[in-house]
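Participant: Take the sequence shown: its position 432, counting from 1, is numbered 431 in numbering that gives the first Met the number 0, and each next residue is one higher.
I should point out that these hints are in silico values taken from the structure, not numbers from a laboratory.
What you are looking at is a predicted structure, and each value in this text was computed from that prediction instead of being measured.
There could be a bad hint or two in this list.
Unchecked claim - In silico SDA-like pairs for lysine to any residue, Cα to Cα no more than 20 angstroms straight-line:
| no. | residue 1 | residue 2 |
| --- | --- | --- |
| 1 | LYS61 | PRO88 |
| 2 | LYS367 | LEU333 |
| 3 | LYS265 | ILE248 |
| 4 | LYS361 | VAL330 |
Stated by the list, open to error - Quick list of simulated restraints, FRET-style, between CB atoms:
| no. | residue 1 | residue 2 | range |
| --- | --- | --- | --- |
| 5 | ILE139 | THR329 | 23 to 31 angstroms |
| 6 | PHE271 | LYS3 | 44 to 52 angstroms |
| 7 | ASP231 | GLN354 | 26 to 34 angstroms |
| 8 | LYS148 | ILE184 | 29 to 37 angstroms |
| 9 | LYS324 | LYS3 | 21 to 29 angstroms |
| 10 | ASN332 | ASP231 | 45 to 53 angstroms |
| 11 | ILE200 | ALA130 | 30 to 38 angstroms |
Ideal Cβ placement from N, Cα and C applies to all residues, glycine included.
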Amino acid sequence: MDIKELQSILTIGETVAVEFKRCGNGIESDTYESVCSFLNRFGGDIFMGALDDGTVLGVPEKAAPDMIKNFISVVSNPALFSPTVYLTPKIITDEAGHTIIHVHVPPSAEVHSYKKVIYDRVDDADVKVTATGAIAQMYIRKQNIFTEKKIYPYATMEDLRLDLLPKVRLMAQNHAGGQHPWTKIDDMQLLKSAGLYGRDIATGEEGFNLAAIMLLGKDDVILNVAPTYVTDALVRKVNVDRYDDREIIKTNLIESYEQLLEFGRKHLPDKFFLEDTINKSLRNTIVREMVSNTLMHREFTSSYTAKFVIEKDQMYVENANRAAKDGWITVENLSPNPKNPYIAAFFRNIGYADQLGSGVQKLFEYSKYYSGRDPQFLESDVFRIIVPLDEAYSYDFALLDGKNGISGTQYADNEIKSAEEATQATTQATQDRNQSLMRLKENETVKSVLKLIEKNPAISQKQIAKTLCLNQNTVKYYIKKMKEIGIIKRVGSSQTGHWEIL
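Work the whole structure out from these sequences, hints included.
Facilitator: Below, the structure is given as structure tokens:
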């Protein structure tokens, strides 16, 4: 690790994958708790000799070799770590000559405990895990088991809604442009070809799996195998403490999709949007992507209640998740990871979903046209998609040829042909920026951040997150937006500088 990389990490501060330990009097127990939590989550880096805020004090240079020996001795001791782990700490030196011990902890395929206690990493904290359900979810995540493949050997065709299959065949045929293999085979062959019936090579069990039951099962059968399965659809625009409207959906995924889509149509405005001379429903496109994602990628063995919530300034879905990482997802860092590949493939065959990863790109594209702002995707044990709402916002968009495509709110035919039209476009862009500025300033989180900066211009993003009880990534997101739109600016370095409100 070079000096620049080290300085960058110290500046950003502690995260889900970075931990600072002072270790002034030797390596204390909480360092090993961090090792355990990193092993059980996504891995990470520990820097001994640094305070929580990134200030480097260093460890005694002469004591560093013995500290490393003690560290290795502890993590390889089966009486303390179970299972044991092999790590190689390294001594590094910062610009000021301070000695730092750096340990890279890779993610493990096993669940580890330290002194018979299991730890997990939540944001920048190490948390004891004692609940059996949470421990079970950790084992599922570690073993990379697709729980949708669990076989139910006593499930029969009578437990499934076979009356849905004619509709499924027609949808698959229409989505495929007129021809699909499912139209030429019987029901059992269709279920087998979709991966809904098979044999577990490890146990020898043969039968319908969890994917089959969730997609096509009768309601009582679904309740039997997944007693906590539910999607809670809520509208909270007027009565924010309870709800204005609510639907509790417990049926199969095929009909759940339709009911949730209809719920969105009922409570969300549709807006005019022109793409390639075709009027497209932004509302239906956005809700479709959110609903299909929360239905086909959730962890059905979890007791966490999935939600579809519509509020005045945003709507969101959230569901239990088998996370592959922790943090915000963007188009740039998107790494598609199927949670339930059989269910996802079934949805794609009938046109309920597109190829893996395309939904994220669509939401980023169409959310801007619908509300003027980007959506947010949070990958964690609970997966969330948040789409901003603004009923007063309007975006009329005519897509020109790929070479001359124009973005921005404008009323264009094919191209700007005159100085008058160019002036109008500039004026419109200025109005759009002013509207965005007003919307951002009205955001409650932004208001709270501005109050803190006004009181303490030198406050750090980490201190803001801690004071407002927010995830640090959320604070970084709003700080970035505020800088882009011209509400605040940073003067000086990240450690010694300060904020200015413009």
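Participant: Against this structure, judge whether each hint is valid.
Facilitator: How the hints compare with the structure:
With a C-alpha separation of about 15 angstroms, the suggested pairing of LYS61 with PRO88 holds against the 20 angstroms cut-off. Distance hint between LYS367 and LEU333 is fulfilled; the C-alpha atoms sit about 18 angstroms from each other, no more than 20 angstroms. For the hint pairing LYS265 with ILE248, the CA-to-CA distance comes to about 16 angstroms; that is within 20 angstroms, so the pair holds. This hinted pair checks out: LYS361 and VAL330 have alpha carbons roughly 10 angstroms apart, not beyond 20 angstroms.
For the pair ILE139 and THR329, the supplied restraint of 23 to 31 angstroms holds, since their beta-carbon distance comes to about 27 angstroms. A hinted range of 44 to 52 angstroms holds for the C-beta pair PHE271 and LYS3, which are about 49 angstroms apart. Remark: the range hint 26 to 34 angstroms for ASP231 to GLN354 is upheld by a beta-carbon distance near 29 angstroms. Under the hint 29 to 37 angstroms, the C-beta atoms of LYS148 and ILE184, about 22 angstroms apart, miss the expected range.
A hinted range of 21 to 29 angstroms for the beta carbons of LYS324 and LYS3 is consistent with their spacing of about 24 angstroms. Separation of ASN332 from ASP231 is about 30 angstroms and departs from the stated range, judged on CB atoms against 45 to 53 angstroms. The supplied range of 30 to 38 angstroms is met by ILE200 and ALA130, whose beta-carbon atoms lie about 32 angstroms from each other.
Hints 8 and 10 from the list above are not met by this structure, while the remaining hints are.
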